[in-house]
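Peer 1: Given the coordinates of chain A, work out where chain B with the ligand should sit on it, guided by the hints.
Protein chains in written order, with the numbering used here: chain A, 50 to 238; chain B, 165 to 328.
Hints in this document: simulated from the structure, not taken from any laboratory.
Certain hints may be false.
Simulated coverage check for chain B against chain A, where a stretch passes if three residues somewhere in it have a Cβ under 8 Å from a Cβ of chain A [said to hold, decoys possible]:
| id | stretch |
| --- | --- |
| 1 | 231-243 |
| 2 | 294-301 |
Quick list of the computed label-pair ranges, beta carbon to beta carbon [unchecked claim]:
| id | chain 1 | residue 1 | chain 2 | residue 2 | range |
| --- | --- | --- | --- | --- | --- |
| 3 | A | Gly-115 | B | Lys-318 | 55 to 61 Å |
| 4 | B | Asp-300 | A | Ser-68 | 56 to 62 Å |
| 5 | A | Lys-172 | B | Asp-300 | 51 to 57 Å |
| 6 | B | Cys-291 | A | Ala-87 | 47 to 53 Å |
Not close to chain A: a few residues of chain B, all C-beta gaps over 10 Å, as computed [what the hints assert, rightly or not]:
| id | residue |
| --- | --- |
| 7 | Ile-178 |
| 8 | Met-199 |
| 9 | Met-202 |
| 10 | Phe-214 |
| 11 | Glu-217 |
| 12 | Arg-224 |
| 13 | His-225 |
| 14 | Gln-280 |
| 15 | Gly-290 |
| 16 | Ala-326 |
Even glycine gets a Cβ: it sits at the ideal position worked out from N, Cα and C.
The primary structure of each chain is shown beneath.
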Amino acid sequence: MSKAALQAVKKKFASEVISEHSQHGDETLVMKADKIQAICEFCRDDPAVAMDMLSDLTAVDFLMQGRETRFEMVYHLYSTTKRHRLRIKLPVGEAKAEVASVTGVWKSANWMEREVWDMYGIKFEGHPDLRRILLYEEFVGHPLRKDYPIAKRQPLTRREDPVENIWEQKHILTGPSAGAHFRGSYDTE
Amino acid sequence: MGIELYGVETLQQILGWARKYSMFKQPFVTACCGMEYMSAMGPRYDLSRFGCEFVQFTPRHTDLLFVVGTISERQAPVLRRIYDQMADPKFVVAFGVCASSGGFYQNYAVVPGVDQIIPVDVYIPGCPPRPEQVIDGIVRLQEIIQAGETHSQKELRQLAGAKG
Ligand code: SF4
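So here's chain A without its partners, still in its complex pose:
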């Protein structure tokens, strides 16, 4: 059903397309990462494609899978008027893990891009507020990268001995967020 959309994007950005495939009727375009903003804008504005909704934006780590590029960005697009879907994938290298932000095209990309930055450490050029969204600022590293140690924890607070000295405040609160979900809202001082 979304063959027409795929053809329209392919025709417009013929030089950018690396490959295409379709599985169970889900059309996928693998494209070069450079012009993603222009591609997304075209997908949103072209009347034949009309992708007015970014249903998901995520990434995959292909460490040790024998690929040239380590990461892959994935964009799931949906058109609420035409009722078709399209998936766009971009290979992203490890040395320069950076792609252009699409927050200017769909506002909903804001938090999804922050999540990808939090979990995979892929930077988004032009993002208005690229901070961690799920983890705390004191966290070092990006846990969904395949080389993050599987059970490595970075606690914000621990008792030295959980049973002895109940009233001595031996727990440590560190850093600006200190475990508060929303920054500053737990500041009573």
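Peer 2: Just chain B with the ligand, lined up with the frame of chain A:
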């Protein structure tokens, strides 16, 4: 040590009896175990039969902290703060395997057991535990309170002993 008062034994027994049947609880519900907690509180299993009825959503008015569900590293300081705000003597129940040991989560985000942050008196295993198990846990807790063996009571006695 200090002066032995006649009838202190009995007084402790009365206090223990009063405490164990009038627990005000603060549920710290974060995950799926909450459903089973509601079921245990509801009319069918009815925890209030065991003197554990009153639910308060302010830690300063409670003496029983129910940690129900998965505690992430980011939430740990908040849980600790709630524990610190409760009035003495205070008791803690870890409800479900997530609160007791982290359960099947072995990763960057989840605290491997809330006893890493606060002292826990009773652990209720299960994912989620059945209401019968919860009732069993409450009855066990009441036995410990009557005997004066919860972490908080022991610590209070130690403090009193150090003063006297
Ligand atoms: S123990 Fe099981 S039911 Fe309870 S919070 Fe953990 S995963 Fe959910």
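Peer 1: Run every hint past the structure and note whether it holds.
Peer 2: Taking the hints in turn, this is what the structure says about them:
no.	hint	in the structure
1	231-243	holds (count 6)
2	294-301	violated (count 0)
3	A:Gly-115 to B:Lys-318: 55 to 61 Å	59 Å, holds
4	B:Asp-300 to A:Ser-68: 56 to 62 Å	60 Å, holds
5	A:Lys-172 to B:Asp-300: 51 to 57 Å	52 Å, holds
6	B:Cys-291 to A:Ala-87: 47 to 53 Å	49 Å, holds
7	Ile-178	24 Å, holds
8	Met-199	23 Å, holds
9	Met-202	23 Å, holds
10	Phe-214	25 Å, holds
11	Glu-217	26 Å, holds
12	Arg-224	14 Å, holds
13	His-225	18 Å, holds
14	Gln-280	6 Å, violated
15	Gly-290	22 Å, holds
16	Ala-326	12 Å, holds
Of the numbered hints listed earlier, those contradicted by the structure are 2 and 14.
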